[in-house]
Amino acid sequence: MVAHSQDNIKGLMLALITAIMWGLLPLVLRTVLELMDAYTITWYRFLFAAILVGFSLKHKNKIPALFTVDKSWLKPLTIAAVFLSFNYILYLSSLYFVPAETAQMLIQMAPLMMLLGSVIFLKEAFSRGQMVGSFVLITGLVMFFNQQFSQSAALAREDFLMGFVIMLGASLTWAVYAIMQKQMLKKFSSTQIMWVIYVLSSFFFLPVSSPMQIASFDWIALMLLLFCCANTLIAYGSFAKSLEFWPASKVSAVLAITPLLTVLFATIAEQLFPQHVTAQSLNTLAYIGAVLVVSGSILTALGNKILSRDRVTQVKNRLLRKG
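Once you know that position 272 of the sequence shown is 890 in the working numbering, the rest is easy, because the numbers rise by one and skip nothing.
Because the hints were derived from the structure by calculation, they are not lab data.
Restraint ranges, calculated between C-beta atoms of paired labels, are given here:
#1 Glu862 - Asp836: 39 to 45 Å
#2 Lys741 - Ile832: 41 to 47 Å
#3 Thr885 - Phe739: 34 to 40 Å
#4 Thr896 - Ile832: 23 to 29 Å
List of simulated lysine-lysine pairs, DSSO-like, C-alpha gap at most 27 Å:
#5 Lys676 - Lys689
#6 Lys693 - Lys805
#7 Lys741 - Lys693
#8 Lys693 - Lys678
#9 Lys805 - Lys741
#10 Lys805 - Lys678
Fair warning: this is a prediction, and the values are worked out from it, not measured in the lab. For each residue, glycine too, the CB sits at the ideal point set by N, CA and C.
Hey, can you work out the whole structure from these sequences and the hints?
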């Protein structure tokens, strides 16, 4: 029981780290995109992660034997790398057409697709509490982004439509990658899986990247690019590790708070750098939606304990006794 409780805590903390990293990412990426093309940014991010994780695995003598005695897993790992690579480039490309906050609203299709896919294809349990939590979460997301829905017409209609279609593709490719990642954990550790994906993805983008663009960067731009690279390592490393302790459906629920974090970080950044960042103002409905998003995430993650039959029965008995 203690070990199960510790796994829940580890899974929650790792999922929260992933959400924080992804919440910060679009704000930084939009700045770097003004100085470097999407393909080169993506190549640097994968290369950085591949080198650091590779050194770590080499030091621990845990480099997977994919290219020697066990080639059967190379195909699914390659497919996962392709889908994650598409996710990266599609997400970045969408930022050319829609603002960071809108992009984060649209990418919430990804964890929802992952949640449904994990239940349908991985046959993971979907309890009463998780159903209620998912409904609350989805309702909260819609309410939280009510201003963006209504203000979408303020964007060029063609740009918003293009951004939506691109982000739909990014969401679908990410969900496929995430589900495949969960299946491959039966054979490899999360770190081994991510290292192979980083290596393969860095090779995918090398022919279309222009690494020498970095020569024109000042130290601030270099730090921003370094953050994007480190973000890849920390976010996906934490995400992959969280799947070892938690079901994919619970992890996806926690990741749904990412747009809330993006708006929070944008508000803080506006206070610190008002000349560079303008945060979106929220109405009352959006604040109510924010509370529902957080509540829905908690219900989905802990629904089995909060809304289990035994718990509901206990609550009913207590109310009857008081009555």
